[in-house]
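Protein chains: 2
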Amino acid sequence: MNKYSRNQRVTGITKVLTENPNKTINLKTFTELFNAAKSTISEDIVIVRETLNELSMGRIETVAGAAGGVKYICGVSKQESRIFADEICKILIQKDRVIPGNFIYMTDIMYNPEIVHKAGVILASAFSELDIDYVVTVETKGIPLAYEVAKMLGVQLVIVRHDPKVTEGSTVSINYASGSSNRIQTMSLSRKSIKKGSKCVFIDDFMKAGGTAIGIINLLKEFESELLGIGVLVDNIESGHKLVEEYISIIQFTGINNEGIAELTPSEIFEKV
Amino acid sequence: MNKYSRNQRVTGITKVLTENPNKTINLKTFTELFNAAKSTISEDIVIVRETLNELSMGRIETVAGAAGGVKYICGVSKQESRIFADEICKILIQKDRVIPGNFIYMTDIMYNPEIVHKAGVILASAFSELDIDYVVTVETKGIPLAYEVAKMLGVQLVIVRHDPKVTEGSTVSINYASGSSNRIQTMSLSRKSIKKGSKCVFIDDFMKAGGTAIGIINLLKEFESELLGIGVLVDNIESGHKLVEEYISIIQFTGINNEGIAELTPSEIFEKV
Chain A
1 MNKYSRNQRV TGITKVLTEN PNKTINLKTF TELFNAAKST ISEDIVIVRE TLNELSMGRI
61 ETVAGAAGGV KYICGVSKQE SRIFADEICK ILIQKDRVIP GNFIYMTDIM YNPEIVHKAG
121 VILASAFSEL DIDYVVTVET KGIPLAYEVA KMLGVQLVIV RHDPKVTEGS TVSINYASGS
181 SNRIQTMSLS RKSIKKGSKC VFIDDFMKAG GTAIGIINLL KEFESELLGI GVLVDNIESG
241 HKLVEEYISI IQFTGINNEG IAELTPSEIF EKV
Chain B
1 MNKYSRNQRV TGITKVLTEN PNKTINLKTF TELFNAAKST ISEDIVIVRE TLNELSMGRI
61 ETVAGAAGGV KYICGVSKQE SRIFADEICK ILIQKDRVIP GNFIYMTDIM YNPEIVHKAG
121 VILASAFSEL DIDYVVTVET KGIPLAYEVA KMLGVQLVIV RHDPKVTEGS TVSINYASGS
181 SNRIQTMSLS RKSIKKGSKC VFIDDFMKAG GTAIGIINLL KEFESELLGI GVLVDNIESG
241 HKLVEEYISI IQFTGINNEG IAELTPSEIF EKV
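The listed protein sequences correspond, in order, to chains A and B. Residues 1 to 273 (UniProt numbering) are what the first sequence spells out, left to right. Residues 1 to 273 (UniProt numbering) are what the second sequence spells out, left to right.
Just chain A, same shape as in the assembly:
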């Protein structure tokens, strides 16, 4: 069996831990992978932990007990988050992004893995203390972002649909009013997708008045489950009218100005940088 050097072991440990965020990895996984003693692996993990701390690249936590081990919790410095928010504002402010109806075209942003990954880490970091069971989103544009947050938090993603599908078995449907236009819409979710008594976080690409978030809260009640947090990439604060109080966003949108350009700024959570 191969023997690995410390350099090689920390390489492998870093890869396995960071690819499995918020999942407890037993030290046995590493003692077997590297054919090394537990004490050796423990020393390796100290190195990985200290390095990630120093580089503000997340942290390694120890989980005690029989099912214990170590797990990686994602993280990013305030400074890097701020730089990211500024960059996204710069991209979205481009004049040709304003489309008929005064919407901003941001589909490409929401489907860009590099951007979605960074946004996902920022939002997941805000919820990493909550001990949630599911990340919930509504189809379609917020799915990649919600997926990244679910992955970073080590939990299952749940996608609420506008129409029930035959391939999902029996579903629960509710009606909700979009807060901005008061149009009645339907959202439905497979009975099998959420266990009773679960704690959830709702992730979406864009929030206007928050009608969708209210819909999610009501839908979760049908599953005797609870919404503990809301996170969006862009918060539209143009009207000022919000149906939900607590949520976090990365960017704020205040409307299209007289020159036909979108006005965007990083959200308050970055102000202290």
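Keep in mind the hints are simulated off the structure, nothing from the lab. Take the hints with a grain of salt, since some may be wrong.
All copies of an identical chain are treated as equivalent in the list; a pair is satisfied when it fits inside any one copy or across any two copies.
In silico EDC-like pairs for lysine to aspartate or glutamate, Cα to Cα no more than 20 angstroms straight-line [said to hold, decoys possible]:
1) Lys199 / Glu226
2) Lys192 / Asp108
3) Lys196 / Glu245
4) Lys71 / Glu54
5) Lys95 / Glu43
6) Lys165 / Glu139
7) Lys95 / Asp108
8) Lys71 / Glu50
9) Lys28 / Glu80
10) Lys23 / Glu114
11) Lys71 / Glu19
12) Lys23 / Asp108
13) Lys165 / Asp108
14) Lys71 / Asp163
15) Lys242 / Asp86
16) Lys165 / Glu222
Computed from a predicted structure; not experimentally measured.
Please arrange chain B on chain A, whose structure you already have, making use of the hints.
Only chain B this time, still in chain A's reference frame:
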């Protein structure tokens, strides 16, 4: 400025490279991050490269030239892929997954980040030599998997919708016949989402006759673009009738047997293990 040890540098380099699959990272990024000479960083990278090779955890490639550097290409051993395929079969074979209409409930699988990540690595590895521009999928169930493949290949994700949305600007819509039921459906895609002359891979959760894949090929023609590959998690080979010839899958589904249990096996690509 901090000085970092070799152990610390390989930890940081591993994290940055594996978190940015198929993206060329200039050595300057690392010389600045660690305040180290280029020759030192090059030696660190050799260690990371050799370790990932030895552990079958992907590979590190050198990109020459002014815009050069190193990049991480995801990879997984045939043995691990086979173990993964077997595990998914075991999960999907559970009797309570058969739902009215003889569908298998697999939504939870498609929205489980741990599973989707592994499946994404397997499919992306099969396409890593193709030099593609976009990973394309059709909403909704295949989105997380397509997102992972796009991320691993370092390209943009494109999501084709069933109805055009006002927030996506002008769209191109085509009609297509689902190969199994011959029902006519519509797919539409924002004009802005694909550049002319692009090369794409289509990723989906499930393939029956392949009517959707044919639809994607025709839709891409409207963008003067080309489909170079197709990858799905589950291939339904019950009827044997396929509209497309070349595609890869991880699992094959041959129908529900007389005892009401789904019959599933790992696909041929794993047979040589």
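Right, here's what the structure says about each hint:
no.: 1; hint: Lys199 / Glu226; in the structure: within (5 angstroms within a copy, 44 angstroms between copies)
no.: 2; hint: Lys192 / Asp108; in the structure: between (32 angstroms within a copy, 8 angstroms between copies)
no.: 3; hint: Lys196 / Glu245; in the structure: neither (25 angstroms within a copy, 44 angstroms between copies)
no.: 4; hint: Lys71 / Glu54; in the structure: within (17 angstroms within a copy, 23 angstroms between copies)
no.: 5; hint: Lys95 / Glu43; in the structure: neither (53 angstroms within a copy, 46 angstroms between copies)
no.: 6; hint: Lys165 / Glu139; in the structure: both (13 angstroms within a copy, 12 angstroms between copies)
no.: 7; hint: Lys95 / Asp108; in the structure: within (15 angstroms within a copy, 40 angstroms between copies)
no.: 8; hint: Lys71 / Glu50; in the structure: within (14 angstroms within a copy, 25 angstroms between copies)
no.: 9; hint: Lys28 / Glu80; in the structure: between (35 angstroms within a copy, 18 angstroms between copies)
no.: 10; hint: Lys23 / Glu114; in the structure: between (22 angstroms within a copy, 10 angstroms between copies)
no.: 11; hint: Lys71 / Glu19; in the structure: both (10 angstroms within a copy, 17 angstroms between copies)
no.: 12; hint: Lys23 / Asp108; in the structure: between (30 angstroms within a copy, 18 angstroms between copies)
no.: 13; hint: Lys165 / Asp108; in the structure: between (27 angstroms within a copy, 14 angstroms between copies)
no.: 14; hint: Lys71 / Asp163; in the structure: neither (38 angstroms within a copy, 42 angstroms between copies)
no.: 15; hint: Lys242 / Asp86; in the structure: neither (24 angstroms within a copy, 48 angstroms between copies)
no.: 16; hint: Lys165 / Glu222; in the structure: within (18 angstroms within a copy, 29 angstroms between copies)
Against the hints set out earlier in the document, violations occur for numbers 3, 5, 14, 15.
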